[in-house]
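**Q** Assemble the dimeric complex from its two separately framed chains, guided by the hints.
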Amino acid sequence: MATIDSPVHNARECSTFSIDSVDGNICFVQAGRRLSNPTSFLARYVKIGVQTVMYTRKDACVYANGREPIFDDNPAWQGLDMDCDLCGDNEATNHIEMVIDGDKKSLHLCSQCANKKKINPNMFEGVALAELLHNFADMTKEVPEEQPETVPLMTCPTCELTSTEFQKSGLLGCADCYEIFKPFLLEALPALHKGVNHVGKMIELPDDGSLPAFAVKAPVNRLKDLQAALRQAVSDEHYEEAAALRDEIKNLMEGEPSEDGVNDEILP
Amino acid sequence: MKAKNPIDQLADQPVQWLSDDGPDAGITVSTRIRLARNLAGIPFPTKANTRHRQAVLQMVREAVAGVPLMDGCIDVKMSSLAELDRVFLLERHLISREHCSTRKTGNSVFVARGENCSIMVNEEDHLRLQVMTAGMQLEQLWQLVDHVDSLLTERLQYAYSDDLGFLTACPTNVGTGIRASVMLHLPGLVFANQIEAITQAVHTIGFVVRGLYGEGSDTAGNLFQVSNQSTLGESETYIIEKLEKIIRQVVEHERNARQVLLERKPKYLYDHIGRAYGILRHAYILESSEALRQLSALRLGIDLNMFSSIDAHTINELMVMIQPGHLQKIHNRTLDENERDIARADIVRGRLNDSKRQTTDEQSH
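Residue numbers (our numbering), protein chains in the order written: chain A, 172 to 439; chain B, 11 to 375.
This is chain B alone, in the form it adopts within the complex (with noise of 0.2 angstroms):
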């Protein structure tokens, strides 16, 4: 019998990192840390040539094996895994889009079983450590990640200056290499068009706001990422602490901005709300962007209590789960641009519906 494919694993359980319980898990989604390094002595990926790449993987692979966060880990090389698992891996935010691209010799991810922690191998590092979990939970996460670091360091030694920190490929990861975002949910700075004044803020103090999928990626769903820029000169608990303060912010600018609507407009958006959940629990063909549009309108009338039937976590997962690689994941095959609009109608309605089977108690308004 053929080994059983490791990303098969993955795609027959929930995206913990989006299911569990988190606190504040209305509006702020999910946070996510990572840390950029390499090793001392080898040249970074771009100047690596297939022996370095490989003697990295193996050293990495040493090394993981004394993390119990990563027993049990998957441990796949880009390589040998096809297109849609490369894609579902992406979509579930495990590797890079630069990683999906690239089956160079030595790319590999380690991906822990609870999906908490992958550890990407020589991307534009040769480690992306990352850890992820639902709600807002950075102090939480820094210490989780800054453990499972030190326990790495244990076996690996990393390229590292008293002057500069950890040395990375990109000057601009240089020094403590991190990168902490937080994914946020904000249909009411969008309704209200405060977004891009939100965006020029956080800007000026040195935090960047991106879509869902980082770097140019658009911002479908009114899902945004708030991450820092600068990581020298600050220490990680201080950009943890600054990134909190602003989130706590952004947060509270959505809250001003959902109220303000349901003061001034309740019937606009009680109608907004209304029509997104009739056309996800009864269409039968849906495009991406529609999608996510209407799931991202239905979270907010789950955030402002309208529907009793339904949790946010299931909108969190379905966002992931109507994506093509997923899709196609679940259908065990290859489907065309038709066929997944179709698909994506099929699981949004299960859903819908399975929720609404398992309580009878919905409002009737």
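Bound conformation, chain A alone (with noise of 0.2 angstroms):
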């Protein structure tokens, strides 16, 4: 496979290029051959010693006049009009040409292909370029259809978000939640990061990983708790302990969130 050794500036625009009608391929000419027609193509290519990449999209180009580029009429186009090489399905727009060490390969590809590959004028930038000579060989395999990201059910017992939840808002309730829903987040950090490990600005935890003297515990799990000691209470018939906890239940409640800004000052 061809390497590439240094950053690739190279970058070049052309204007005009041959169509070998026959096998529909694209192939370049030399600067300053004009093609009969005045029409000027957006093409890009990019030589790294005898391999090249040369990217073109018929949807870029116009008239060197100004006119609107009508393809059907255009003896340029003719023998490009082929389906997708991935979807088979959608018009092929996006025309690629390579040659890597002799050996000459060509993708055709439809707009939306294109997209999902990332093929596009800026794909001449250094890394991208890189990445596209390496992976050009996986081009025509097909990308997997994204599959809905799957959670399984499950519960945060600290503030009880639900995957569900989760799934429908992509945020998370607190700070346990990054352990529950775990094996989701390892497969979605990846795609979203540059790593799964943080680097960077970091602060010390308190040894014995205790919580601060002003952390809140989680009421809805206090509640619970409360609930169940009061039907443990009333079942065993203990009814000045039920009045209390029932008490306790009450004031509780009270404290759940109001959207409307009333009870705005701070508690005690």
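Each statement offered as a hint is correct.
Below 25 angstroms or equal to it, Euclidean Cα-Cα: the simulated SDA-like pairs (lysine to any residue) are: (1) Lys255(B) <-> Asn266(B); (2) Lys365(A) <-> Thr214(B); (3) Lys255(B) <-> Val370(A); (4) Lys365(A) <-> Asp156(B); (5) Lys277(B) <-> Glu262(B); (6) Lys87(B) <-> Cys180(B); (7) Lys365(A) <-> Asp173(B); (8) Lys114(B) <-> Gln338(A); (9) Lys87(B) <-> Ala75(B); (10) Lys114(B) <-> Ala50(B); (11) Lys114(B) <-> Asp347(A); (12) Lys255(B) <-> Ser245(B); (13) Lys339(A) <-> Val218(B); (14) Lys339(A) <-> Glu134(B).
Negatives, chain A to chain B, calculated, CB over 12 angstroms: (15) Asp256; (16) Thr335; (17) Ala400; (18) Arg402; (19) Ala413.
Since the hints were derived computationally from the structure, they do not count as laboratory data. Ideal Cβ positions, reconstructed from N, Cα and C, are used throughout, including at glycine.
**A** So this is what it looks like as structure tokens:
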């Protein structure tokens, strides 16, 4: 496989190229050689030693005189009416040709598949080009359809966030969720970020891993605990205790979120 | 006498993060860095109840008191603000669109007097700490926000793990919790139809180009924000260095695009800018989108040294002041759309005529 030893900055734009109408390939022509039609194509190519990559997009082409391009009667495009190499359903509008180690390959993609493969004029920039050269052989492989992300059904015991809620909002409910939804996160994080481990500013946690004195105990659990205790007290016929528990539950419930901004003062 | 509305203090002063002299303050307009932080042991705002939210606000308030930069800061609850004031803060980039539209208990913002730092409380995360400055000053700004953040940690314990760093409500922010963004004025690339290409190129390296007000907003006035997406697996300084490199490249492309326009279509360009100046100086009714479009053209003319009497700061500030919230704040009452278009034209005309009066040596061509 070809190697690239320096960042590539010699991507060029050429305005003319020849079409091999038998094979339907696009080929380079020397700069200055003109097609008979006053047509200008947005085509980009890059040459690294004997390796070349060239890219053009049908809908990016314009006539030199500024007229709207009509592809049907444009001889330059005849022979390029082909279906997408990947999906086979749509018309190919993106054409790439590569000569790597004397081996010529071409690829014709519809705009959707080109998007999926990140084929665009910017792929000539250093990193993207290197990636392209190395992955060209794999390009013709079908991109697997994106599966809807599946989160196994689970609930965070601390904040009671369910996997369904998480899937819907994309937001976690508390720090513990990172542990609870870890299996899912381990799959999702690499796609979102450049790694799965924190690099950067660090802070020291307390030695014993304990929460600070001001930490608020999640009341949802507290509520459950109290309700369980209340049921127990009632079934044990400890009515005095039950009454105290009932009051505590009532107090706790009154601290639930209000949307209207009433009770806006800080509680003592 | 009624206590003065804290937002009025801001309305009376120029937008400092747009007015200060920043390096490279031609194409790069401003720089912003925000950190997302949550407090340990308390559910994130989406799952927090009233008590949690109030506790968070109280703790943050105490911690903010230990930050010298925030001395005498504005401390307001969103629920205590009229809609006009909330919109004003949004237009000033001091709060997010989400924060602007919620009035839940504990939703609050702290704004430094110089407006270079703001802390949103109980937004998507418990804290959204943000610093802003004019021009491109990523490195200095990182040092500033890092310093403020460290001062806050002296009094707050963040939700943090050694593996995943700072834990945030959305997994897209976990790790450093940093979003660094630079606002750029890119009329050249827009004229040359290269914005789409640049956006894609930036996207392939994991950064993103957005409109003026973040996600989903339009690109009025040819203003774009370039910012990082990934927050995990790379350090803050690495992200910032990378962003800086990207910005330099985009700026270079913008310069080239302007140069090409100057060489190939100078009359077209001068005409575009001259007309913009004419309209802005003499119009009595200006719609928002037209005003932004013409101000963008005028700003380009200033960068190309076509005007000696107006500076880029004036345009930057006008771009903020002509927004609905600001116009209504200046007039101190609700204005309907037609009234706003008139008020907008008045302000622009006024400022440009002031500039004209101050300098008498304006070029005659």
